[in-house]
Amino acid sequence: MTYRVEPGLHRDVAKFGGGDVTTCMNCGTCTATCPQSAETGGFPRRIIHLLQVGHREKLAGSLEPWLCYYCGDCSESCPRDANPGETMMAARRYLTGMYDWTGLGKRFYVSTWWEIGAIAAVGLFTVGLFALFHGPVVTGRVELNTFAPVKWVEIGDWIMGGVLAFLLLSNGWRMSRWVMGAGKGVDVPFSLYLRKLPAFFAHFATQKRWRECEGPKTRWLKHFLLVTGYLTMMMLVIVGLRWFQTDEIVPFYHPTRLLGYYAAAALLYVTGDFLLGRLRRKDGIHKHSEPTDWVFLVLLGLAALTGILVHAFRLLGLPLATYSTYVAHMAIVVPMLVVEVPFGKWGHMFYRPFAAYLAAVKQGAAEAASLGPSRAA
Amino acid sequence: MIGKRIGAFLCHCGGNISDYVDEEKVRAAVEKESGVAVAKTFLFACSEASQEEMIRTIREEKLDGIVIASCSPKLHLDTFRAMARRSGINRYMYTQVNVREQCSWAHRHEREEATEKAIRLVRAGVAHSRLGVPLTDLRIETTPAALVVGAGVAGMRAALALSDMGIAVYLVEQAARVGGRVPAWGKMFPNDREGAEIVDTLLQAIRRRENITLFTGAEVVEKRGSVGDFSVKVRAADGTEEIALRVGAIVVATGFDPYLPAAGEFGYGAPGVVTLPEFRELLPAAEGKLRYRDREVRNIVYIYCVGSRQAAAKENPRPNLYCSRYCCTAAVHTALLAAGVDAGVNQYHLYRDMRTYGKNEILFEEAGRKGSVFLRYPDDAPPVVERPGGELLVRVRDVLLGGEEIGIPADLVVLVTGMAPRENANLVNVLKLPVGAGGFFNEIHPKLRPVETMIDGVFISGAAQGPKTLAESVASSLAAVSKGAALLLKGYVDLSPLVAKVDTEACAWCGECGNACPYDGAVERVRQGGKEVAYVHPALCKGCGGCVPVCPAEAVGLEGYTNDQVKAMIDALVREIV
Ligand SMILES: Cc1cc2nc3c(=O)[nH]c(=O)nc-3n(C[C@H](O)[C@H](O)[C@H](O)COP(=O)(O)OP(=O)(O)OC[C@H]3O[C@@H](n4cnc5c(N)ncnc54)[C@H](O)[C@@H]3O)c2cc1C
Ligand code: SF4
Ligand code: SF4
Ligand code: SF4
Numbered sequence: 181m182t183y184r185v186e187p188g189l190h191r192d193v194a195k196f197g198g199g200d201v202t203t204c205m206n207c208g209t210c211t212a213t214c215p216q217s218a219e220t221g222g223f224p225r226r227i228i229h230l231l232q233v234g235h236r237e238k239l240a241g242s243l244e245p246w247l248c249y250y251c252g253d254c255s256e257s258c259p260r261d262a263n264p265g266e267t268m269m270a271a272r273r274y275l276t277g278m279y280d281w282t283g284l285g286k287r288f289y290v291s292t293w294w295e296i297g298a299i300a301a302v303g304l305f306t307v308g309l310f311a312l313f314h315g316p317v318v319t320g321r322v323e324l325n326t327f328a329p330v331k332w333v334e335i336g337d338w339i340m341g342g343v344l345a346f347l348l349l350s351n352g353w354r355m356s357r358w359v360m361g362a363g364k365g366v367d368v369p370f371s372l373y374l375r376k377l378p379a380f381f382a383h384f385a386t387q388k389r390w391r392e393c394e395g396p397k398t399r400w401l402k403h404f405l406l407v408t409g410y411l412t413m414m415m416l417v418i419v420g421l422r423w424f425q426t427d428e429i430v431p432f433y434h435p436t437r438l439l440g441y442y443a444a445a446a447l448l449y450v451t452g453d454f455l456l457g458r459l460r461r462k463d464g465i466h467k468h469s470e471p472t473d474w475v476f477l478v479l480l481g482l483a484a485l486t487g488i489l490v491h492a493f494r495l496l497g498l499p500l501a502t503y504s505t506y507v508a509h510m511a512i513v514v515p516m517l518v519v520e521v522p523f524g525k526w527g528h529m530f531y532r533p534f535a536a537y538l539a540a541v542k543q544g545a546a547e548a549a550s551l552g553p554s555r556a557a
Numbered sequence: 003m004i005g006k007r008i009g010a011f012l013c014h015c016g017g018n019i020s021d022y023v024d025e026e027k028v029r030a031a032v033e034k035e036s037g038v039a040v041a042k043t044f045l046f047a048c049s050e051a052s053q054e055e056m057i058r059t060i061r062e063e064k065l066d067g068i069v070i071a072s073c074s075p076k077l078h079l080d081t082f083r084a085m086a087r088r089s090g091i092n093r094y095m096y097t098q099v100n101v102r103e104q105c106s107w108a109h110r111h112e113r114e115e116a117t118e119k120a121i122r123l124v125r126a127g128v129a130h131s132r133l134g135v136p137l138t139d140l141r142i143e144t145t146p147a148a149l150v151v152g153a154g155v156a157g158m159r160a161a162l163a164l165s166d167m168g169i170a171v172y173l174v175e176q177a178a179r180v181g182g183r184v185p186a187w188g189k190m191f192p193n194d195r196e197g198a199e200i201v202d203t204l205l206q207a208i209r210r211r212e213n214i215t216l217f218t219g220a221e222v223v224e225k226r227g228s229v230g231d232f233s234v235k236v237r238a239a240d241g242t243e244e245i246a247l248r249v250g251a252i253v254v255a256t257g258f259d260p261y262l263p264a265a266g267e268f269g270y271g272a273p274g275v276v277t278l279p280e281f282r283e284l285l286p287a288a289e290g291k292l293r294y295r296d297r298e299v300r301n302i303v304y305i306y307c308v309g310s311r312q313a314a315a316k317e318n319p320r321p322n323l324y325c326s327r328y329c330c331t332a333a334v335h336t337a338l339l340a341a342g343v344d345a346g347v348n349q350y351h352l353y354r355d356m357r358t359y360g361k362n363e364i365l366f367e368e369a370g371r372k373g374s375v376f377l378r379y380p381d382d383a384p385p386v387v388e389r390p391g392g393e394l395l396v397r398v399r400d401v402l403l404g405g406e407e408i409g410i411p412a413d414l415v416v417l418v419t420g421m422a423p424r425e426n427a428n429l430v431n432v433l434k435l436p437v438g439a440g441g442f443f444n445e446i447h448p449k450l451r452p453v454e455t456m457i458d459g460v461f462i463s464g465a466a467q468g469p470k471t472l473a474e475s476v477a478s479s480l481a482a483v484s485k486g487a488a489l490l491l492k493g494y495v496d497l498s499p500l501v502a503k504v505d506t507e508a509c510a511w512c513g514e515c516g517n518a519c520p521y522d523g524a525v526e527r528v529r530q531g532g533k534e535v536a537y538v539h540p541a542l543c544k545g546c547g548g549c550v551p552v553c554p555a556e557a558v559g560l561e562g563y564t565n566d567q568v569k570a571m572i573d574a575l576v577r578e579i580v
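Chains as they are written, first to last, in the numbering used here: chain E, 181 to 557; chain V, 3 to 580.
Some hints here could point you the wrong way.
[As the list claims (entries may be wrong)] With the Cβ distance kept under 10 Å, some of the chain V side facing chain E (calculated, not the full set):
(1) Gly-90
(2) Arg-93
(3) Gln-349
(4) Arg-371
(5) Gly-405
(6) Glu-407
Don't read these hints as lab results, they were simulated from the structure. Every residue, glycine too, gets a C-beta built ideally from N, C-alpha and C.
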């Protein structure tokens, strides 16, 4: 069947940012330069070509955008200044929007007002919940657990976690359908999906492919700090909330405190550094910032900051300050998670390892197929 | 004649000849030939020092004629003829024998036989020189006026340039208007000047020249005479008037025809499928949005190389093999114009090779920046234009997707048609213009004599000679002007005396020579001494010798290659070597 292309697809994608797609002359210099492209072959040039041609189907089934870590080497080597790295970034945004069946993701990317509006709405909603349902306000001393009882917050946590997991998994399901459908003709046994699962977790935890990029490893390190800081925080507030949010002041070396400090420091350092980088537009990859990039970093920084403040006020024994910053903290964290995880940049944290995982599954299937039917059977 | 003293000079050509031919043996054999006064060898006969030595020898030995055994006459005939003249002997008393291409290079592994062949060839050369007689060039006074056929930009520019040099010009245009093709193109690459404006500027200038006479709606119907002195007749298209003119040179600038696809070729004929020239006529009217038959045009697909670079096929036995060279650039430029009307229009370019050579490469890059998408299609799998459900769809194999086929929906398919030779049978017949393999007028040598034709005094220029952009057309028309003016301004032309000559005693006019002669007007039937005889017009004869063997009375001979000379050469060739 001849695929009917969509003229002007690149114009659609351009709404998500990106380089100068039609300026690319398909010379392939970028692909030759890309440290990630070696084994899978073809990107970023191939992705740009799909955009030029208007091949939405192949784009939807492409894993390549997730295998790119935006080192920016390609953009520096492009003889036409077509900025392929930025196009890969735009492709990731576009794909995130495509995977998302609610259609909200696309809206948020294309319109800053939608994104800020959604964040504000969820934030206000959170504040509203506290306004309506908070517990007694003890002013004599700090009793956060009386103001916001852990068991209620925990329930809220789980509901939110469930919704987020559902959204991510259902989007991931759509993604895998497109991706695996693109490898027509190769049968993938279910067991293979199971056997390759560790790849997902390995990539999720370490982002190890990134280390293959040339140049200083500091970007990888920063991202590693970001991800581990973020994950630690998530674990503390979702799984470990009952130990984390206590009114008893645990000793300094208590694991929840140590982990909390690590996470807060890591997040503050990294967001501060990234924000400065984008403000200075020093290196190529930070030259272009879409509004979503700012929102992402600002929310993260604010979340870390308010979290630290809550902790500080509690240690200082300032009850009202503690309660109100706590509400503010929640009003930032909740929309950050609800808006950014399934629909925004935090989704990358899931899609990237998921893509690495699907790539491993595909490769496994291809290897099995090349062994011949008798052995594969 | 037996008393002639001939010098034989043998060249080693470095080692090119002497490595395979025993030159000393040749020299010794030739020295013994009767008539040979001196035989010498040279390392490089063409070198300055060797020429000086030969001149000295010619003078000291009081030679009447010389033979040089060296390379092909194509390389050094003129060199050595000039040397002969400097030494004081007639330049036609020089004979060149080619022992490089014909002996050493052809028989690398047969030294002995190569040497023997060289001896025989040089002997024949000596025989030729011994019977030679001094000849003088034929000098023709030139008429200081030129005819330019075709008033496209190439022809108009030629007329102005000739006029600049004080040469009277008759500019003959078949159509009612001047300018040729370009007024239809609107803005033209490389600098977006309007074609009509260019033509208008030229026309204003032509009108101001007193020595340019412009005929529109007119044709050249007759040509007689020869280089430097042609008589031509120009007739008004409606046949009402005929004017006789005398000119010394003729510049042909009759242009091209855009290739017209056959019905169904890439969907041509279906609504929405147009050629590039047709699309160019739609463009200037468009404002804000491109429209075709009242529908907005969102997607344009260009298919390149239509009618150019064709492969031979059963249904196309005479394919256009050439690249039309203007069309890649014109299509890319057209896309820029279209994007200028509506920046949001999607443009796909399906090409084979992108030949926006030279400065036009900038336009190619610019088109990309302005949203054009370029896809290469395989030579053996051209795109297919279809209309499933009434909407145009172009199916094409995308080389960069591993040859996978994609379908591109289109509102307009533009066939990037090449240049085809213009149908001009009458003119070809009147001027006896040589037509090349591709159907365009043929030059003598594509590199060294690009605007001269086999017909002395008739020059070709512009797109009549082959596909060209406007800049190239004008450059070639100015080249034709300089070649034409060179012979007109000198006031005379010297023609080679090596032409056929009729012995009127022996001739009884049977007409065989006239039938054999490929050059129009060279052989005439005249009355002389009370009978009809053949007369060879020395300015029109090219000395090909076609008439010589067919004459039953052996009445025609070639100056410089008389029957006696040729017979003596044959004798010398076949005589045993002792
Ligand atoms: C779609 C298209 C777009 C183009 N765009 C560009 C562009 O943007 N820039 C550019 O540089 N080039 C462009 N070109 C190329 C350009 O048109 C040619 O280079 C140019 O027209 C050649 O000029 P010419 O005078 O040799 O021939 P023509 O323009 O063909 O003129 C020949 C003239 O000779 C006359 N004639 C023919 N036969 C006779 C006869 N027997 N007797 C008397 N008169 C005769 C014709 O009537 C005509 O007036 C384009 C071509 C096409 C097809
Ligand atoms: S290096 Fe630039 S022009 Fe070349 S293929 Fe990559 S993006 Fe395109
Ligand atoms: S940004 Fe780096 S990883 Fe991404 S495509 Fe370019 S070179 Fe490859
Ligand atoms: S110039 Fe381009 S379109 Fe025209 S024949 Fe040559 S390659 Fe084909």
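Status of each hint after checking the structure:
1. Because the smallest distance between the Cβ of V:Gly-90 and any Cβ of chain E comes to about 65 Å, over 10 Å, the interface hint for this residue is violated.
2. For V:Arg-93, the suggested interface contact is broken, since its CB lies about 58 Å from the closest CB of chain E, more than 10 Å.
3. The interface hint given for V:Gln-349 holds, since its Cβ lies 9 Å from the closest Cβ of chain E, which is under the 10 Å cut-off.
4. The interface hint given for V:Arg-371 holds, since its Cβ lies 5 Å from the closest Cβ of chain E, which is under the 10 Å cut-off.
5. Look at V:Gly-405: its Cβ only gets to about 13 Å from chain E, farther than 10 Å, so that hint breaks.
6. Because the smallest distance between the Cβ of V:Glu-407 and any Cβ of chain E comes to about 5 Å, under 10 Å, the interface hint for this residue holds.
Comparing the model with each numbered hint stated earlier shows that hints 1, 2, 5 do not hold.
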